[in-house]
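Student: Sequence:
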Amino acid sequence: MSRLRVYRTEGVVIRQMPLGEADRILTLCSPDMGKVRAVAKGVRRTRSRLGGHLELLNRVSVSVAIGRNLDTISEASAISTFSGIRADLRRISRAMYVAELVDCFSMEGNGNQAITICCSVHCSGWSALPISIC
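If you count the sequence shown from 1, you need to add 1021 to reach the numbering used here.
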């Protein structure tokens, strides 16, 4: 019986860490897969096609190849960038706080739709509010 080598999922990028010169380890919060940690190869290069899609707090659809230690992101597209959050420091700090909480309270490989929806709703809600209210 063959094992699935590639899977598709969508989620919110809640954490990123540099890996070497050009790679980045991303943590996604996905409703069906839970917390997913994967390597995005070459994403820190200036000519990277994936770089803009895989920014922090973006809601993305990714295709992930299963690896021995870490999975590898092979393709990605941004579903929502929540551009209103990046316009205000208060908004981005609140969204980052929610992302840290989601990272701490979710488990890898254990899907939780409620946590993912909570993260997406908070990001989209803060993105839509006028700056004077936040």
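Hints listed in this document are in silico derivations from the structure and should not be mistaken for laboratory results.
Ideal Cβ positions, reconstructed from N, Cα and C, are used throughout, including at glycine.
Any given hint might turn out to be false.
[Stated by the list, open to error] Simulated restraints on C-beta separations:
1. T1067 x L1025: 30 to 38 Å
2. R1111 x N1090: 36 to 44 Å
3. L1025 x S1104: 29 to 37 Å
4. R1111 x G1063: 15 to 23 Å
5. M1038 x L1110: 33 to 41 Å
6. G1063 x V1027: 34 to 42 Å
7. Y1118 x R1068: 31 to 39 Å
8. A1108 x E1129: 15 to 23 Å
9. S1114 x V1027: 32 to 40 Å
10. N1090 x G1063: 15 to 23 Å
11. I1113 x R1026: 31 to 39 Å
12. S1069 x L1091: 17 to 25 Å
13. I1113 x M1038: 33 to 41 Å
Student: Given a hint of 34 to 42 Å, does the C-beta separation of G1063 and V1027 actually sit inside it?
Tutor: 18 Å, violated
Student: Kindly confirm whether 15 to 23 Å is satisfied by the beta carbon distance between A1108 and E1129.
Tutor: 32 Å Cβ-Cβ, so the 15 to 23 Å window is violated.
Student: For I1113 and M1038, compare the CB-CB distance with the range 33 to 41 Å and indicate the outcome.
Tutor: At roughly 18 Å between Cβ atoms, M1038 and I1113 fall outside 33 to 41 Å, so the hint is violated.
Student: Does 17 to 25 Å hold as the CB distance between S1069 and L1091, or does it fail?
Tutor: 18 Å, holds
Student: R1111 and G1063, beta-carbon distance inside 15 to 23 Å?
Tutor: At 33 Å between Cβs, range violated.
Student: If I claimed the Cβ atoms of S1114 and V1027 lie 32 to 40 Å apart, would that claim hold in this structure?
Tutor: Cβ of S1114 to Cβ of V1027: about 36 Å, so the range 32 to 40 Å holds.
Student: For the pair Y1118 and R1068, does the Cβ-Cβ distance stay inside 31 to 39 Å?
Tutor: 33 Å, holds
Student: If I claimed the Cβ atoms of I1113 and R1026 lie 31 to 39 Å apart, would that claim hold in this structure?
Tutor: 36 Å, holds
Student: Does the hinted range 15 to 23 Å hold for N1090 and G1063 at CB?
Tutor: 18 Å Cβ-Cβ, so the 15 to 23 Å window holds.
Student: Indicate whether the distance between the beta carbons of L1025 and S1104 respects the range 29 to 37 Å.
Tutor: Given range 29 to 37 Å: holds, Cβ gap about 34 Å.
Student: Is it true that R1111 and N1090 lie within 36 to 44 Å of each other by Cβ?
Tutor: Because 38 Å falls inside the window, the suggested range holds.
Student: Looking only at beta-carbon atoms, does the pair M1038, L1110 fall within the given range of 33 to 41 Å?
Tutor: Given range 33 to 41 Å: violated, Cβ gap about 22 Å.
Figure legend: structure checked against the earlier numbered hints; hints not met, in rising order: 4, 5, 6, 8, 13.
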